[in-house]
Amino acid sequence: MSDTPNKLIEGATGPWEIVLGLEIHAQVASKAKLFSGAAVGFGAGPNAQVSLVDAAMPGMLPVINRHCVEQAVKTGLGLEAQINLWSRFDRKNYFYPDLPQGYQISQYKDPIVGEGAITVERDDGSIFTVRIERLHLEQDAGKSIHDLDPNMTAVDLNRAGTALMEIVSHPDMRSSEEAAAYVKKMRTILRYLGTCDGDMEKGNLRADVNVSVRKPGGELGTRCEIKNVNSYRYIQQAIEYEARRQIEIIEDGGAIRQETRLFDPAKGETRSMRSKEEAHDYRYFPDPDLLPLVLDPAWVKSIQKTLPELPDAKRARLAAQYGLSTYDAGVLVIDAARADYFERAAAGRDAKLVANWTTNELLARLAKDGLDIDASPIPSDDVAGLVKLLEDGVISSKIAKEVFEHMWAGEGTPARIVEARGLTQVSDTGELETLIDGLIAANPGQADAVKEKPQAVGWFVGQVMKATGGKANPATVNALLKAKLADT
Amino acid sequence: MAIDVETVRKVAKLAHIRTPEDRLAPLAAELSGIMQWIEQLAEVDTDGVEPMTSAVAATLPMRDDVVTDGGDPEVVLANAPLRRGDFFMVPKVVE
Numbered sequence: 001m002s003d004t005p006n007k008l009i010e011g012a013t014g015p016w017e018i019v020l021g022l023e024i025h026a027q028v029a030s031k032a033k034l035f036s037g038a039a040v041g042f043g044a045g046p047n048a049q050v051s052l053v054d055a056a057m058p059g060m061l062p063v064i065n066r067h068c069v070e071q072a073v074k075t076g077l078g079l080e081a082q083i084n085l086w087s088r089f090d091r092k093n094y095f096y097p098d099l100p101q102g103y104q105i106s107q108y109k110d111p112i113v114g115e116g117a118i119t120v121e122r123d124d125g126s127i128f129t130v131r132i133e134r135l136h137l138e139q140d141a142g143k144s145i146h147d148l149d150p151n152m153t154a155v156d157l158n159r160a161g162t163a164l165m166e167i168v169s170h171p172d173m174r175s176s177e178e179a180a181a182y183v184k185k186m187r188t189i190l191r192y193l194g195t196c197d198g199d200m201e202k203g204n205l206r207a208d209v210n211v212s213v214r215k216p217g218g219e220l221g222t223r224c225e226i227k228n229v230n231s232y233r234y235i236q237q238a239i240e241y242e243a244r245r246q247i248e249i250i251e252d253g254g255a256i257r258q259e260t261r262l263f264d265p266a267k268g269e270t271r272s273m274r275s276k277e278e279a280h281d282y283r284y285f286p287d288p289d290l291l292p293l294v295l296d297p298a299w300v301k302s303i304q305k306t307l308p309e310l311p312d313a314k315r316a317r318l319a320a321q322y323g324l325s326t327y328d329a330g331v332l333v334i335d336a337a338r339a340d341y342f343e344r345a346a347a348g349r350d351a352k353l354v355a356n357w358t359t360n361e362l363l364a365r366l367a368k369d370g371l372d373i374d375a376s377p378i379p380s381d382d383v384a385g386l387v388k389l390l391e392d393g394v395i396s397s398k399i400a401k402e403v404f405e406h407m408w409a410g411e412g413t414p415a416r417i418v419e420a421r422g423l424t425q426v427s428d429t430g431e432l433e434t435l436i437d438g439l440i441a442a443n444p445g446q447a448d449a450v451k452e453k454p455q456a457v458g459w460f461v462g463q464v465m466k467a468t469g470g471k472a473n474p475a476t477v478n479a480l481l482k483a484k485l486a487d488t
Numbered sequence: 001m002a003i004d005v006e007t008v009r010k011v012a013k014l015a016h017i018r019t020p021e022d023r024l025a026p027l028a029a030e031l032s033g034i035m036q037w038i039e040q041l042a043e044v045d046t047d048g049v050e051p052m053t054s055a056v057a058a059t060l061p062m063r064d065d066v067v068t069d070g071g072d073p074e075v076v077l078a079n080a081p082l083r084r085g086d087f088f089m090v091p092k093v094v095e
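These protein sequence lines are chains A and B, in that order. In this text, residue positions in the first sequence follow my numbering: the first is 1, and each later residue adds one. In this text, residue positions in the second sequence follow my numbering: the first is 1, and each later residue adds one.
Simulated from the structure, these hints should not be mistaken for laboratory data. Some hints here could point you the wrong way.
Said to hold, decoys possible - Straight line, CA to CA, 27 Å or less: simulated DSSO-like cross-link-like pairs of lysine-lysine:
no., chain 1, residue 1, chain 2, residue 2
1, A, Lys451, A, Lys484
2, B, Lys13, A, Lys109
3, B, Lys13, A, Lys227
4, A, Lys388, A, Lys314
5, A, Lys267, B, Lys92
6, A, Lys184, A, Lys305
7, B, Lys13, A, Lys92
8, A, Lys92, B, Lys92
9, A, Lys92, A, Lys109
10, A, Lys301, A, Lys314
11, A, Lys92, A, Lys227
12, A, Lys227, B, Lys10
13, A, Lys314, A, Lys184
14, B, Lys10, A, Lys109
15, A, Lys143, A, Lys202
16, A, Lys215, A, Lys227
17, A, Lys398, A, Lys453
18, A, Lys352, A, Lys184
19, B, Lys92, A, Lys227
20, A, Lys482, A, Lys453
21, A, Lys143, B, Lys92
22, A, Lys143, B, Lys13
23, A, Lys92, B, Lys10
24, B, Lys92, A, Lys202
Just chain A, same shape as in the assembly:
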């Protein structure tokens, strides 16, 4: 589904194409778990957020959380996907100490959400489509801790039973960059919808990557699944390594074995998860504890009405309404809070200037200090105030940068900073004229040079700026110099 030529890797026998499909596990933003009333959260003591349902005590029965169903439907609508009014839960059977039931409640044949698609931007601004195969609801497992004891594994069930949305893509990506761009875009959409907080550090958004290689345009190769890669950088590293590994095996005359692999960030390589080999036969069957999930079309319609403006629509609107470049609009819509900040600051102001100050200065500074825009020490009103001072010619853009520094340091509104620090631009022609007359009289050689080479006027501009501490209005200075140097 790539709209531009694919990125190929060169092997010993010629070019190879990487084919990638992703399974994203997104934790549903909810207070309680998918089938129990235990709390969902990060940082509680071990086994402090576990009900007897999560611990799979005999006789306990699951009751589904309506809010989690709603979030799955909302996500499906946001992905412009088919909402299945009839879906069902199945048991995925495998044994692992952090899975007390001995099965995960998931959806196999009849997921709640079917086919959809999203548009993804590459770094160079070109776009491609990734088709979504399905989205289903399932339970998360608990957590095994292997380093507390050399001979034992410790188990914490706090995460067990937490609601996940597994979003399965078609194999529509052709490079590690495209895979990372897809995850970024999905994260943005989920955060706009508010159905998942997208916190990758806490594991609330993680991806399994299916990697295979083939000769360009040839038959699909055998794929390997790399489990639980939880950062953009690791996704890229894991794919690069895995594709190379597969190409080497095939070029040496070997065959790829379909298997589950684990990415080791410390070594930058993937390795086989032997423990999962036998377990691939999950023996799915409908969960007899749960009736089919039947959705009322009127409810789905009412959820549709709660959808916010999504990133693609917002970007198009910002570009059209404020005359921004697609790139600037794209930077602003990565986070809904950024776009809101921009729109607040741009009200009644030169929107392009506001966009420049927001994306170039503010976002760069926030990124440097690791802050979100919600935690910006500079409120949107002050960016608007700074742009107003520029529009009114009170300060030059050079002085504005200085003012920005003082704003960042918490010295108050731009107007106050300019006044308190005497940074008002000198536009008083009388004062500037005297200064320029003096300069021309003292430097006749430079004045003559301007007649030969008009761009030599820059030297005079520089001298005036130096003498005024950068506060001279550049437009006034240029106009005065032009007039005076022509006279001599």
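Got chain A sorted already, so can you dock chain B onto it with the hints?
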């Protein structure tokens, strides 16, 4: 469909049910009998009949998103064969 001894061995292993070697052949015969009975049922014409998903005509009841449970590790760990602090301890899992 006949179930052979190898299939019984595999299913037993996947289900973590320890099955002595001399039980495999009798189990294969019993399971084959069950499968034959199901095949016999499949002869009934069910075209146009909705699959029955439950014996009761009810829809899935739902719960509100409120925290009503948890918060007591002692209850959860009460039957743990081995614990350390508030963790369950199990034989080392090798990844």
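Now for the hints, and whether the structure bears them out:
no.: 1; hint: Lys451(A) to Lys484(A); in the structure: 12 Å, holds
no.: 2; hint: Lys13(B) to Lys109(A); in the structure: 25 Å, holds
no.: 3; hint: Lys13(B) to Lys227(A); in the structure: 24 Å, holds
no.: 4; hint: Lys388(A) to Lys314(A); in the structure: 25 Å, holds
no.: 5; hint: Lys267(A) to Lys92(B); in the structure: 23 Å, holds
no.: 6; hint: Lys184(A) to Lys305(A); in the structure: 25 Å, holds
no.: 7; hint: Lys13(B) to Lys92(A); in the structure: 16 Å, holds
no.: 8; hint: Lys92(A) to Lys92(B); in the structure: 23 Å, holds
no.: 9; hint: Lys92(A) to Lys109(A); in the structure: 12 Å, holds
no.: 10; hint: Lys301(A) to Lys314(A); in the structure: 22 Å, holds
no.: 11; hint: Lys92(A) to Lys227(A); in the structure: 17 Å, holds
no.: 12; hint: Lys227(A) to Lys10(B); in the structure: 25 Å, holds
no.: 13; hint: Lys314(A) to Lys184(A); in the structure: 16 Å, holds
no.: 14; hint: Lys10(B) to Lys109(A); in the structure: 24 Å, holds
no.: 15; hint: Lys143(A) to Lys202(A); in the structure: 13 Å, holds
no.: 16; hint: Lys215(A) to Lys227(A); in the structure: 25 Å, holds
no.: 17; hint: Lys398(A) to Lys453(A); in the structure: 26 Å, holds
no.: 18; hint: Lys352(A) to Lys184(A); in the structure: 26 Å, holds
no.: 19; hint: Lys92(B) to Lys227(A); in the structure: 21 Å, holds
no.: 20; hint: Lys482(A) to Lys453(A); in the structure: 13 Å, holds
no.: 21; hint: Lys143(A) to Lys92(B); in the structure: 14 Å, holds
no.: 22; hint: Lys143(A) to Lys13(B); in the structure: 24 Å, holds
no.: 23; hint: Lys92(A) to Lys10(B); in the structure: 17 Å, holds
no.: 24; hint: Lys92(B) to Lys202(A); in the structure: 24 Å, holds
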